[in-house]
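Residue strings, one per chain:
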Amino acid sequence: MSRPKVYQWIENLEIRCKILSIFIAAFLLISIEVPLIISLALIGLLTLSRLMGLPWNFIGKKLLLPMPFLIFMALPLLLGEGLSITQERLEFTYLLVAKGLGVFLLMMMLVFTQEEYQLVEGLRQLPIPKTLSAVLVLSFRYVHVWTGTLKKTYRSSVSRGFEKGWNKNTFKVYGEMVGGMILRSLDQSQRVHKTMLSRGFSRDIPIKPSKALGKREGFWIIGLVATFTLLKVLEMRL
Amino acid sequence: MHLADGVLSTEMAVATTVGAAGILAYSLYQTKEEEIPKISLMSAVFFTFAMFSLPLGPSSVHPLLTALLGIILGRRAPIAVFIGLFIQAAVFQHGGITTLGVNTLLISLPALLCWQIFSRSYHREKSPYILSGFLGGLGVVLSVGLLVMVLWATDIRYTQGVVSNIQLIIVSHIPLMFVEGGITTFAVGFIHKSRKTVLGSVKG
Numbered sequence: 048m049s050r051p052k053v054y055q056w057i058e059n060l061e062i063r064c065k066i067l068s069i070f071i072a073a074f075l076l077i078s079i080e081v082p083l084i085i086s087l088a089l090i091g092l093l094t095l096s097r098l099m100g101l102p103w104n105f106i107g108k109k110l111l112l113p114m115p116f117l118i119f120m121a122l123p124l125l126l127g128e129g130l131s132i133t134q135e136r137l138e139f140t141y142l143l144v145a146k147g148l149g150v151f152l153l154m155m156m157l158v159f160t161q162e163e164y165q166l167v168e169g170l171r172q173l174p175i176p177k178t179l180s181a182v183l184v185l186s187f188r189y190v191h192v193w194t195g196t197l198k199k200t201y202r203s204s205v206s207r208g209f210e211k212g213w214n215k216n217t218f219k220v221y222g223e224m225v226g227g228m229i230l231r232s233l234d235q236s237q238r239v240h241k242t243m244l245s246r247g248f249s250r251d252i253p254i255k256p257s258k259a260l261g262k263r264e265g266f267w268i269i270g271l272v273a274t275f276t277l278l279k280v281l282e283m284r285l
Numbered sequence: 087m088h089l090a091d092g093v094l095s096t097e098m099a100v101a102t103t104v105g106a107a108g109i110l111a112y113s114l115y116q117t118k119e120e121e122i123p124k125i126s127l128m129s130a131v132f133f134t135f136a137m138f139s140l141p142l143g144p145s146s147v148h149p150l151l152t153a154l155l156g157i158i159l160g161r162r163a164p165i166a167v168f169i170g171l172f173i174q175a176a177v178f179q180h181g182g183i184t185t186l187g188v189n190t191l192l193i194s195l196p197a198l199l200c201w202q203i204f205s206r207s208y209h210r211e212k213s214p215y216i217l218s219g220f221l222g223g224l225g226v227v228l229s230v231g232l233l234v235m236v237l238w239a240t241d242i243r244y245t246q247g248v249v250s251n252i253q254l255i256i257v258s259h260i261p262l263m264f265v266e267g268g269i270t271t272f273a274v275g276f277i278h279k280s281r282k283t284v285l286g287s288v289k290g
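Just so you know, the sequences run in chain order D and Y.
In this text, residue positions in the first sequence follow the working numbering: the first is 48, and each later residue adds one.
In this text, residue positions in the second sequence follow the working numbering: the first is 87, and each later residue adds one.
Worth flagging that the hints you see were computed from the coordinates, not collected in a lab.
Backbone N, C-alpha and C define an ideal beta-carbon position, used for all residues, glycine too.
There may be inaccurate statements among the hints.
[Claimed, not checked] What follows is a set of in silico ranges between Cβ atoms, one per label pair, in the way DEER data are often shown: (1) L173/D / S207/Y: 38 to 44 Å; (2) R281/Y / E163/D: 44 to 50 Å; (3) R284/D / Q116/Y: 35 to 41 Å; (4) G270/D / L232/Y: 44 to 50 Å; (5) E128/D / T283/Y: 42 to 48 Å; (6) L67/D / V249/Y: 52 to 58 Å; (7) T200/D / K118/Y: 26 to 32 Å; (8) G208/D / T283/Y: 40 to 46 Å; (9) G270/D / Q253/Y: 26 to 32 Å; (10) G231/Y / E128/D: 22 to 28 Å; (11) I90/D / T283/Y: 56 to 62 Å.
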């Protein structure tokens with residue numbers, strides 16, 4: 048996953064604090080029901096993204112990703128009562144799109160401001176069950192392995208004359224490809240487990256000691272959560 | 087298929103997150119160490135196939151592998167679903183974080199039901215083609231049914247209009263029902279032919 052160069056202050060921010068504050072901010076953001084307030088939140092998030100060092104063109108390109116889904120959801124809502132769009136439907140649709148983009152920006156702040164392994168490590172430092180933590184680490188690894196395997200399997204099928212499409216024959220090829228991958232997965236999982244056992248695995252994948260929380264983390268948590276809480280208070284006053 | 091952030095009301099997002107935490111706790115209970123690599127690999131398989139979306143009208147749908155996950159992992163399926171969805175949301179921004187709970191439930195609950203039906207009906211001597219094809223389609227029907235219920239409970243506007251969101255979702259998932267049924271049929275059929283023990287090992 049390629050990511051742009053961001054400023055040191057956000058890159059060095061303690062990851063657990065970043066994860067938790069962004070999750071809380073996301074839930075506070077989706078609870079906003081006033082268009083003006085959600086617009087303020089969006090402007091604030093865009094500004095914050097820039098202050099982190101994320102380039103405008105990168106933000107713009109990334110924000111295009113959820114657009115097809117948001118448009119797909121927005122159009123039937125807008126045109127629900129025919130071609131004459133009501134104010135109430137316009138507001139509802141705007142809120143939906145703005146919330147979607149707002150949380151997307153928050154996720155960008157989480158994902159693109161440190162390396163992927165640091166994010167996984169941070170997640171594991173949270174108080175989650177050991178099994179879940181172990182599955183998370185292994186899955187991250189296997190996702191990269193399997194994406195490559197699937198591409199290779201598909202390419203080799205094409206080189207043997209397979210033509211993609213959706214009919215009985217292609218179903219058979221796709222289905223057997225999935226079945227084969229699962230069997231290979233199971234065999235591999237047994238090998239992996241034996242290897243892990245031989246190295247002393249007890250579902251306890253060692254975690255790096257977490258960084259101590261400093262002033263910067265305090266500012267970040269208070270700043271982000273307090274801003275969204277303030278917006279909620281402002282919303283209630285309106 | 088996955089709901090994005092902003093679609094659900096806060097109450098629904100919180101309720102489904104709590105629900106997903108409950109189902110995860112059930113799924114994690116008494117997990118054996120040797121199951122961890124298997125769950126992780128299935129989670130990666132689920133994730134990989136979910137990334138292959140088929141353009142269908144204004145949206146896109148992708149294989150969910152709901153029934154297949156249930157058949158292979160049994161009660162551990164929700165762990166694979168949750169982790170797969172989390173990686174999608176965190177790394178590829180597909181799905182959402184406030185909707186992680188609801189998306190987990192939409193796939194996990196049908197997967198658990200498919201597991202229960204399969205483990206009670208599968209016999210090693212009989213061909214599993216019809217049963218698995220049926221469950222593949224059923225998994226999609228149940229997931230879409232739950233999605234429709236969630237949207238309906240969130241806001242009535244999702245159901246209104248000549249072409250409502252709910253109508254679009256149902257129509258765009260009809261082909262997926264057949265695609266998923268077909269893929270599950272041949273995937274389970276292949277496993278049945280190659281290694282029957284895998285299918286009968288997860289008891290309901």
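Comparing the hints with the structure gives:
| no. | hint | verdict |
| --- | --- | --- |
| 1 | L173/D / S207/Y: 38 to 44 Å | holds, 40 Å |
| 2 | R281/Y / E163/D: 44 to 50 Å | violated, 34 Å |
| 3 | R284/D / Q116/Y: 35 to 41 Å | violated, 50 Å |
| 4 | G270/D / L232/Y: 44 to 50 Å | violated, 38 Å |
| 5 | E128/D / T283/Y: 42 to 48 Å | violated, 57 Å |
| 6 | L67/D / V249/Y: 52 to 58 Å | violated, 40 Å |
| 7 | T200/D / K118/Y: 26 to 32 Å | holds, 30 Å |
| 8 | G208/D / T283/Y: 40 to 46 Å | violated, 33 Å |
| 9 | G270/D / Q253/Y: 26 to 32 Å | violated, 43 Å |
| 10 | G231/Y / E128/D: 22 to 28 Å | holds, 26 Å |
| 11 | I90/D / T283/Y: 56 to 62 Å | holds, 59 Å |
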